[in-house]
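Number of protein chains: 2
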Amino acid sequence: MKRVKVSNNVIRRLPRYLRKLDELTEAGISRISSFELGHQLGFTPSQIRQDFSCFGEFGQQGYGYNVPALRAEIASILGMDRGFQAIMIGVGNIGRALTENFNFKEWGFRLIAAFDVRPEIIGTMFHEVPILSMDMLAQFLRENRVDAAVLTVPKEAAVPVTEMLTANGVEAIWNFTNVELTEPNSSTLVENIHFSDSLLSLSYFIAERSDERAAKAARSEKN
Amino acid sequence: MKRVKVSNNVIRRLPRYLRKLDELTEAGISRISSFELGHQLGFTPSQIRQDFSCFGEFGQQGYGYNVPALRAEIASILGMDRGFQAIMIGVGNIGRALTENFNFKEWGFRLIAAFDVRPEIIGTMFHEVPILSMDMLAQFLRENRVDAAVLTVPKEAAVPVTEMLTANGVEAIWNFTNVELTEPNSSTLVENIHFSDSLLSLSYFIAERSDERAAKAARSEKN
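First to last, the protein sequences are chains A and B.
Just so we're aligned, residue 12 is where the first sequence starts under this note's numbering, counting upward by one.
Just so we're aligned, residue 12 is where the second sequence starts under this note's numbering, counting upward by one.
Incorrect hints may have been included.
The list treats identical chains as one, so a pair stands whether inside a single copy or across any two.
Stated by the list, open to error - Below 20 angstroms or equal to it, Euclidean Cα-Cα: the simulated SDA-like pairs (lysine to any residue) are:
hint: 1; residue 1: K166; residue 2: N104
hint: 2; residue 1: K31; residue 2: N20
hint: 3; residue 1: K16; residue 2: S221
hint: 4; residue 1: K116; residue 2: E139
hint: 5; residue 1: K31; residue 2: E174
hint: 6; residue 1: K31; residue 2: H205
hint: 7; residue 1: K233; residue 2: L192
hint: 8; residue 1: K16; residue 2: E223
Think of the hints as simulated: they come from the structure by calculation, not from any bench.
Every value quoted in this text rests on a predicted model; they were computed, and no experiment measured them.
Could you build all of it, start to finish, from the sequences and the hints given here?
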């Protein structure tokens, strides 16, 4: 695929478009205008047209976007059709919760193995994923293509495990440890799950609503 | 606090500023220019000045930002000093993982109770949080101020539990269920954790790198 450089903000919006298009598909909607799509997502129509124009022409003047075609195109841009293979490091609570509740396949990833240090779970399967010993990791990485590692180890293991992964050729890490894994200029791709960013946004909105109510109450007292 | 309407994008960036300022504090840095802050975050200096100007004047021409003062101001804007109280619904793997690994207090929330339906854990404590029966929820909500509920129930329970929460006055939900909880115009504040958005961004970057390498290889073959 020929690639143009796309801004980080556009890339971050693509998964949201994808989710919205999946919702529309489920609701039986097969085309949508940039106006309506923008309305549903809280973006302006021109922002939407601009975002999609980075990747070529999807829409048709006066007709709108074909939902399945646009969905397929965005999925392909996101690499969901590449058959990426992932491993998970650390089968504690977060690792278990992810394996149980998150459908990697739906998003184009196959979870081919998990690794842990606890003898009592090594050699078992968890939701069709074999749990192997960390001692096997280097060999496993030599023998299998691994596009990404899901890092769900305890905090103190985060950096040493990352060093081991990068030394063995893993170039992308989905990081759940809340630890900064790499230097700014590292060539390893790291995507962090920051729970706090999400909670703090919620916190902002709770505080905002509370202030608005207090202001309203103050105004009505004055009158 | 007097509030100006702030765009959603600015609100979403505030937690990232906060994390960066915490990093700077840990590194012993007490002031920083908008240029340097922008460089470290991948924003332009003017974007940073514009973001902060929504909330008043923080910086000083030629001096830069005072890191602890800016940190305190952003924390306050985010409502981190309000003493918000939260409950958790569902003490399965995700609930456990969150309670163990995520420090609610650090982000201004006190987790005062958790609720579940399984008799074997009801009445126990998990990391200093009492686990109560779902049957106690309505009464608990009458007797305690609850600013937010963390929703970590199985998919099928997501909507009924949300209805019960909103019927009992809970107005903010931190949603881990991957289920759309409310209608677009609902007055309940819902903040979703979308794991897929994060994984798909990583997927994009893996695909991009792979394409760049293929293109490079093709070019060098031609020469």
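- Violated constraints from the hint list, given by number and in increasing order: 5, 7
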